[in-house]
Amino acid sequence: MIDAGISFHVSEKGYYGDFGGAFIPEMLYPNVEELRLHYLEYMMEPSFQKEFHFLLKDFVGRPTPLFKAERLSAKYNTQIYLKREDLCHTGAHKVNNTIGQILMAKRLGKYKIVAETGAGQHGVATATVCALMGMECIIYMGAIDIERQAPNVARMKMLGASVVAAQSGSKTLKDATNEAMRHWINHPVDTHYIIGSVVGPHPYPDMVAKFQSIISEEIKWQLQEKEGRDYPDYILACVGGGSNAAGAFYHYLDEPRTALIAAEAAGQGVSSGHSAATTFLGKPGVLHGSKSLLMQTEDGQVIEPYSISAGLDYPGIGPLHAHLSTSGRAKFFDITDDEALEAALECSMLEGIIPALETAHALAVFGKLGAKPNEISVVNLSGRGDKDLATYQEKLKLNP
Amino acid sequence: MNRISTLFKSTQEPILNVYATAGYPNFGDTMLVLNALQEGGVDIIEIGMPYSDPIADGETIQQSNQVSLDQGMSVTHLFDQLKNMRQSISVPVLLMGYVNPVLQFGVERFCQKCQEVGVDGLILPDLPLAEYQQSYQTIFEQYGLLNIFLITPQTSDERIKQIDSISEGFIYMVSSASTTGAKTGISSDQEAYFKRIDGMKLKNPRLVGFGISDRESFLKASNGASGAIIGSAFVKLLGNAKNLREEIVEFVKSIKGLK
Numbered sequence: 001m002i003d004a005g006i007s008f009h010v011s012e013k014g015y016y017g018d019f020g021g022a023f024i025p026e027m028l029y030p031n032v033e034e035l036r037l038h039y040l041e042y043m044m045e046p047s048f049q050k051e052f053h054f055l056l057k058d059f060v061g062r063p064t065p066l067f068k069a070e071r072l073s074a075k076y077n078t079q080i081y082l083k084r085e086d087l088c089h090t091g092a093h094k095v096n097n098t099i100g101q102i103l104m105a106k107r108l109g110k111y112k113i114v115a116e117t118g119a120g121q122h123g124v125a126t127a128t129v130c131a132l133m134g135m136e137c138i139i140y141m142g143a144i145d146i147e148r149q150a151p152n153v154a155r156m157k158m159l160g161a162s163v164v165a166a167q168s169g170s171k172t173l174k175d176a177t178n179e180a181m182r183h184w185i186n187h188p189v190d191t192h193y194i195i196g197s198v199v200g201p202h203p204y205p206d207m208v209a210k211f212q213s214i215i216s217e218e219i220k221w222q223l224q225e226k227e228g229r230d231y232p233d234y235i236l237a238c239v240g241g242g243s244n245a246a247g248a249f250y251h252y253l254d255e256p257r258t259a260l261i262a263a264e265a266a267g268q269g270v271s272s273g274h275s276a277a278t279t280f281l282g283k284p285g286v287l288h289g290s291k292s293l294l295m296q297t298e299d300g301q302v303i304e305p306y307s308i309s310a311g312l313d314y315p316g317i318g319p320l321h322a323h324l325s326t327s328g329r330a331k332f333f334d335i336t337d338d339e340a341l342e343a344a345l346e347c348s349m350l351e352g353i354i355p356a357l358e359t360a361h362a363l364a365v366f367g368k369l370g371a372k373p374n375e376i377s378v379v380n381l382s383g384r385g386d387k388d389l390a391t392y393q394e395k396l397k398l399n400p
Numbered sequence: 001m002n003r004i005s006t007l008f009k010s011t012q013e014p015i016l017n018v019y020a021t022a023g024y025p026n027f028g029d030t031m032l033v034l035n036a037l038q039e040g041g042v043d044i045i046e047i048g049m050p051y052s053d054p055i056a057d058g059e060t061i062q063q064s065n066q067v068s069l070d071q072g073m074s075v076t077h078l079f080d081q082l083k084n085m086r087q088s089i090s091v092p093v094l095l096m097g098y099v100n101p102v103l104q105f106g107v108e109r110f111c112q113k114c115q116e117v118g119v120d121g122l123i124l125p126d127l128p129l130a131e132y133q134q135s136y137q138t139i140f141e142q143y144g145l146l147n148i149f150l151i152t153p154q155t156s157d158e159r160i161k162q163i164d165s166i167s168e169g170f171i172y173m174v175s176s177a178s179t180t181g182a183k184t185g186i187s188s189d190q191e192a193y194f195k196r197i198d199g200m201k202l203k204n205p206r207l208v209g210f211g212i213s214d215r216e217s218f219l220k221a222s223n224g225a226s227g228a229i230i231g232s233a234f235v236k237l238l239g240n241a242k243n244l245r246e247e248i249v250e251f252v253k254s255i256k257g258l259k
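Chains as they are written, first to last, in the working numbering: chain A, 1 to 400; chain B, 1 to 259.
Do not take every clue at face value.
[As the list claims (entries may be wrong)] A few chain B residues facing chain A, derived, Cβ under 8 Å:
{"hint": "1", "residue": "I55"}
{"hint": "2", "residue": "N147"}
{"hint": "3", "residue": "I151"}
[Unchecked claim] Here are a few chain A residues that sit away from chain B, every Cβ distance over 10 Å (derived from the structure):
{"hint": "4", "residue": "Y29"}
{"hint": "5", "residue": "A165"}
{"hint": "6", "residue": "N178"}
Source of the hints: derived by calculation from the structure; they are not laboratory data. The structure displayed is predicted, hence computed values, not measured ones. Note that CB positions come from ideal geometry on N, CA and C, so glycine has one too.
Chain A with its partners taken away, still in its complex shape:
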């Protein structure tokens, strides 16, 4: 299953196989280079590790539980565990990375933060750590996403962040990322850019994956306690850019007994023209500073994606995931809007947990996975569904 010759970790030059690199304008080079030279050293410092783990425990509420989902297990006749990232402070895994990056920003001597956000989860997680550390915070968010994720906009504002609407292009995550990068170009000296996913120029994909790797670090010992072995047969996660998947896969990348399962947003269907399933529809290309798989026209213009889930509505994918896909290490499933909605309702009714729409894409894979009765699956329950209530109300006809 795993070719012994293939590495799934980043190379010195910032590549995962053919994907990665740092395709950035010279204006960003000093900042990205400073980060590249120092990120590993800073992360490894005992004082950094101490502060990082202290905040993960007492501020975020880690470790998050690994919960045996008995009724879902019975329904699919297999063994299903939920890694409860939805119980993190702010309601999703995103805060693991923002805690790490705000500590990194302090060590880099930066005192202002810029970030992009899609569903608003990363924006809230960034605004949260900025409030905690007393740093100025600017969040770029697509104008359409601002409309469909109003509660998260209010949360960011209450936490003291400025939320700026990205009005260009599709007015979603891709454009918010463009605007955040432009902001950083215009403010290179005092500002750190907290990218929310495993995308962007090297070293961002590796740094974000390492901060999120706490997820699989915990799964290992939690599973050992519960099942007497530290690896599952399957790990499932949804992938937009891919940060929660990177964190859930990280300590199993070289574990041949664990199949890595990624769920991408097919929107209205992979062939419908309204989709965000990058590994199915993308070709190698360069966007937001790295070479990866990218949904694009023959002329190399980026195609505007579609998904009901703002957090998966992105035309690219992190370079690690592009490598996992093309090398066959991970298996990718395309999950439609309707399948995700059904899975969200099922998880709510069977387990008493309302998942985020993004997460629901991962849950929907059970209908297609064919896991055997004694096999163990861990789903990364990356976020809670409160922010999606308006969509659930409308699509699941929950209004009185």
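Position chain B relative to chain A; hints supplied.
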């Protein structure tokens, strides 16, 4: 010798490079704009290949890119529009754009087409030095294309020297930490930066870009460099022009101080 190098060797006057988005304001305007720029007395023409996600560009150039793409512009169409360019255009011509459309067209095929139509060099802001040296330099050189690198006020002296050693033609000196069209005018801090770089005695001449919009800022920038580049201010003119050819000629003359 490449037209760009020849120009810098033969000219004492400040050099004016003007950027124009291809296929803008209308799909078929590319050659009209080029001819009018030359008629006005421009020294170098920089043609922007529109891209959906131009992260180094501010609002004005972004919008012109989007309009051009919406009108159907593509790399293929652009080469088609430029196929007889050298029948009328004698000044050096650069293509400016982002790396992804070039990758999709095919790097070698792209360079071959550039040589065929008479393009002298490329500006690809998101193609960094290391990637260029590893995968692109040999092909660019094979087709006689100069790759123009950017430096900014934050670029270290060590890196400037590295860029100077690999550059040919000129170095694009970004006047301030910004995207295109974000600021106008040249401050005394910026003039000090131009002088500092001038004092480094680099082998390549420099043109200053970003924030140049009129004769005053053009002359200020040219004081510490060989000349300057105008982009957003000209694209704005293209977007608003009623009589395209005449307004372009007049604009270039006003910058160059010609009657």
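Going through the hints against the structure:
Taking 8 Å as the C-beta contact cut-off toward chain A, the hint placing I55 (chain B) at the interface holds, the least distance being around 5 Å. Hint status for N147 (chain B): violated, given a least beta-carbon distance of 12 Å to chain A, over 8 Å. The interface hint given for I151 (chain B) holds, since its Cβ lies 6 Å from the closest Cβ of chain A, which is under the 8 Å cut-off. For Y29 (chain A), the non-interface assignment is contradicted: its Cβ lies about 7 Å from the closest Cβ of chain B, within the 10 Å cut-off.
Once the 10 Å rule is applied to beta carbons, A165 (chain A) is consistent with being away from chain B; the minimum gap is 13 Å. Separation of N178 (chain A) from chain B is inadequate, the least Cβ-Cβ distance of about 5 Å not exceeding the 10 Å criterion.
The structure fails hints 2, 4, 6 (numbered hints given earlier, in ascending order).
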